[in-house]
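Colleague: Kindly generate the complete structure, drawing on both the sequences and the hints.
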Amino acid sequence: MSSNIGRAFKVQIFGESHGKMIGVTIDGLPAGIGIDEEWLNAYVQRRAAKGSAIATPRRESDIPHIISGVNENGRSTGYPLTAIFENSNTHSGDYSFLPDRPRPGHADYPAITRSLGEDDLRGSGHHSGRLTLPHVFAGGIAMLLLKQLGVEIAAHILQVGDVRDRSIDPVEPDLEALRLCHTREVPALDEAAGEKMMQTILDAKAQLDSVGGIVEVVAAGMPAGIGAPYFDGAEAAIAQQLFSIPAVKGVEFGAGFGCATMPGSEYNDPYYVEDGEIRTERNAAGGLLGGITNGMPIIARCAFRPTASIGKEQQTVSLSAAAIGKDAETTLTVKGRHDPCVAIRAVPVVEAAVAIALADLYLQG
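Residues are numbered in our numbering as their position in the sequence shown, beginning at 1, plus a constant of 147.
Derived by calculation from the structure, the hints in this document are not laboratory data.
Each hint should be verified, as a subset may be incorrect.
Per label pair, the in silico range of CB-to-CB distance [as the list claims (entries may be wrong)]: (1) 219 to 377: 37 to 45 Å; (2) 213 to 474: 48 to 56 Å; (3) 339 to 149: 39 to 47 Å; (4) 429 to 260: 46 to 54 Å; (5) 183 to 154: 20 to 28 Å; (6) 225 to 413: 41 to 49 Å; (7) 418 to 213: 40 to 48 Å; (8) 155 to 474: 47 to 55 Å; (9) 404 to 297: 27 to 35 Å; (10) 225 to 377: 25 to 33 Å; (11) 415 to 330: 35 to 43 Å; (12) 166 to 478: 24 to 32 Å; (13) 387 to 256: 19 to 27 Å.
Okay, derived cross-link-like pairs now, DMTMM-like style, lysine to aspartate or glutamate, Cα gap no bigger than 20 Å in a straight line [stated by the list, open to error]: (14) 482 to 356; (15) 459 to 350; (16) 396 to 356; (17) 294 to 321; (18) 157 to 379; (19) 473 to 247; (20) 352 to 309; (21) 294 to 183; (22) 343 to 309; (23) 343 to 332.
Yeah, the Cβ is synthetic: ideal placement off N, Cα and C, and Gly gets one too.
Modeller: See the structure below:
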């Protein structure tokens, strides 16, 4: 079993949540790309949301240590770039019930079956959301590459439970407003909506429960003509990256599922010329047609399920009892440190996933 993705911009993540370290190796990054380590560190720290009342209390430094692929001048060498993150703040005793009693909603049961009993499930092991940390680092490297094309990627939390933020303008996205919302505990464009989302999450936390959400992302400045039809399409590449994020259960582009209720006259985006450039008056297609970028902002949204680890007592089974034919049904109360809403800290993860996909598509030519 391997965790790698990409054709021209290849990303391999490794490690387990409670192992010595986690990390990433990136292959295919062209030589000569400036690697701004200060910016990269600040970017990956966004994922940590340290000090937030709605983030896991697990505290790691999350500082990336680049061990290959960057020269003394701070530029990529063109050879594989590897970065590691040390694990230190682990509470493995919280997972003593594993692998015998799999947690509802987690990968425990299929993972232990797939690995013939050998998977390290402490803190969810390789299945943990902690592995999004090297994923975000790889996305940061992809953003440094895409920056040369004038591409900027930014996301926000669109919905938590039944509380909804305003959407990104699909034709003229306000990137400054998106950057500003990243400074808030809940990264919503509408600060009042963010406060309501915060209360929704705190209410779920108080009830030993969790809540899901939707993250919306835009990639602005991507030139037209990148991608391919069918299997190598831009939608396919971006969706694969987004669905690789733990807890993502739905992805849509542009008008998304809403297009099913629209007539073609409303869905089709009329073309016009502005300052010598071909643009569209609307952007129901989300910047993608036939698997190829059309030069308009790329708009995507992904739905995150509620966090699987909750403090309520839940029904499960004892695998050891089931194996010898005894009554296997039992209960489980999950301890440990968990986000009551994973969508909040997933905002930079979604940005990273889109960046990796676009970098890969661009380098494929």
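Colleague: Against this structure, judge whether each hint is valid.
Modeller: We went through each hint and held it up to the structure:
1. 219 to 377: 37 to 45 Å: holds (44 Å)
2. 213 to 474: 48 to 56 Å: Holds: the Cβ-Cβ distance is about 53 Å, inside 48 to 56 Å.
3. 339 to 149: 39 to 47 Å: holds (45 Å)
4. 429 to 260: 46 to 54 Å: holds (47 Å)
5. 183 to 154: 20 to 28 Å: holds (26 Å)
6. 225 to 413: 41 to 49 Å: Holds: the Cβ-Cβ distance is about 47 Å, inside 41 to 49 Å.
7. 418 to 213: 40 to 48 Å: holds (44 Å)
8. 155 to 474: 47 to 55 Å: Given a distance of about 54 Å, which is inside 47 to 55 Å, the answer is holds.
9. 404 to 297: 27 to 35 Å: holds (31 Å)
10. 225 to 377: 25 to 33 Å: For residue 377 against residue 225, whose Cβ atoms are near 31 Å apart, the range 25 to 33 Å holds.
11. 415 to 330: 35 to 43 Å: holds (38 Å)
12. 166 to 478: 24 to 32 Å: holds (29 Å)
13. 387 to 256: 19 to 27 Å: holds (24 Å)
14. 482 to 356: Holds, because 12 Å separates the two Cα atoms, which is no more than 20 Å.
15. 459 to 350: Holds, at about 14 Å.
16. 396 to 356: It holds: about 19 Å lies between the C-alpha atoms, which stays within 20 Å.
17. 294 to 321: holds (17 Å)
18. 157 to 379: holds (15 Å)
19. 473 to 247: Roughly 14 Å separates the two Cα atoms, so the pair holds.
20. 352 to 309: OK: residue 352 and residue 309 at ~16 Å, within 20 Å.
21. 294 to 183: Cα-Cα ~12 Å, so holds.
22. 343 to 309: Holds, at about 10 Å.
23. 343 to 332: The given pair, whose Cα atoms are some 12 Å apart, holds under the 20 Å limit.
No hint from the list above goes unmet by this structure.
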